[in-house]
Amino acid sequence: MWLFLLTEVMFFGGLFMAYLLMRNWYYPAFVEASHQLNIGWGTANTAVLIISSFTMAMSVYSAEMRRRGALVMFLVLTFILGLAFLGIKSIEYHEKWEKFHIPGIRYSTSAFTNPQSDPEVYKEYHDKPLPPDMASKTELYFFLYFAMTGMHALHMIIGIAILGFMIYKAKNGAYTTGHVTFVENFGLYWHFVDIIWIFLFPLLYLISRY
Amino acid sequence: MSETKANIDQTHKHGDEPVHEHHIVSPAIYGLILVALLIFTGLTVAASFVDLGQMRLFDTGFTLYWNPVVALAIACTKMTLVVLFFMHVKYSTKLTKLTVLSGFFIFLALIGMTLSDYVSRAWGRW
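Residue numbers (my numbering), protein chains in the order written: chain A, 1 to 210; chain B, 211 to 336.
Simulated from the structure, these hints should not be mistaken for lab results. No experiment lies behind these values; they were computed from the predicted model shown. Ideal placement from N, C-alpha and C gives every residue a C-beta, glycine not left out. Keep in mind that a hint or two might mislead.
Label-pair restraints from in silico Cβ distances [as the list claims (entries may be wrong)]: (1) Ala256(B) / His126(A): 17 to 23 Å; (2) Glu98(A) / Ala256(B): 26 to 32 Å; (3) Glu98(A) / Lys307(B): 46 to 52 Å; (4) Phe314(B) / Gly150(A): 23 to 29 Å.
Generate the whole structure from the sequences, applying the supplied hints.
Shown next, in the form of structure tokens:
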């Protein structure tokens with residue numbers, strides 16, 4: 001399982017590397033584009049995911065202690081928290097759709113060439129208008145935003161599907177007979193997805209706010 | 211990985227096979243880590259609103275901004291807590307520890323080499 005996770009580190013690593021270079025090249029565009037993300041939702045999602053990691057760890061513990069009821073309960077809690085994360089994420093994606101921030105499909109740079117056109121963000125950050133060539137690079141930020149959070153969300157969806165399968169099996173008495181390996185390995189996967197978010201959150205939401 | 215190998219009825223003796231010591235982490239530790247992770251999350255959000263300043267890196271022409279450095283340091287701390295306790299690496303075999311460490315090492319080496327190429331190019335001067 002660890003070897004699989006290391007391949008995943010390399011996979012996400014490529015995206016992080018791309019983000020690092022592009023941010024350096026098009027710094028003003030990345031700063032202003034990141035002001036469009038909502039810290040409240042981002043923080044809430046971080047908390048949701050961390051708590052879901054805790055409930056997952058407790059699932060592993062329950063399986064090790066051979067407590068079927070507790071195992072099912074903690075798996076269901078993890079399942080619900082995973083769905084909550086995706087729910088919040090979809091609210092954020094919907095906002096991007098409404099604001100024309102979907103790269104390639106529905107995109108407008110007007111919030112960056114004319115920041116006053118987006119009063120909610122403007123009153124907090126007083127961004128200066130970007131020249132059109134730099135403003136067009138905000139599309140790159142949103143491309144990376146969707147690539148990274150989308151790939152992360154895909155991992156969550158796969159995880160939630162496996163959780164559903166595990167809840168079904170656990171109800172029928174699996175994993176609490178001493179065979180905890182499947183739950184344990186799934187736990188590693190779930191925590192790994194949490195770690196990816198732990199890095200995505202500061203890089204995409206936080207580092208250009210002051 | 212294979213279910214046949216690990217944790218089959220622990221009361222059962224495995225003959226010549228080395229007995230797999232299985233450490234069970236207590237809920238108290240999980241709870242403690244959860245609280246620590248939430249505190250660090252609050253900390254990193256709070257720090258992001260403060261301008262932590264910058265530092266000229268001698269005469270290299272590079273400037274180090276402290277905000278991303280602090281944000282990443284907190285993220286690394288959180289990751290370490292998750293890896294050590296939620297993912298049980300602290301209680302795992304040396305082989306697992308070595309696997310995890312070598313993975314991070316290769317990841318950092320790849321990033322480092324890419325960056326060294328990036329900063330040492332004569333951008334726009336060929």
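Quick rundown of the hints versus the structure:
1. Ala256(B) / His126(A): 17 to 23 Å: With a Cβ separation near 21 Å, Ala256(B) and His126(A) satisfy 17 to 23 Å, so the hint holds.
2. Glu98(A) / Ala256(B): 26 to 32 Å: Once the Cβ atoms are compared, 29 Å apart, the range 26 to 32 Å for Ala256(B) and Glu98(A) holds.
3. Glu98(A) / Lys307(B): 46 to 52 Å: holds (47 Å)
4. Phe314(B) / Gly150(A): 23 to 29 Å: holds (25 Å)
In summary, this structure violates none of the numbered hints.
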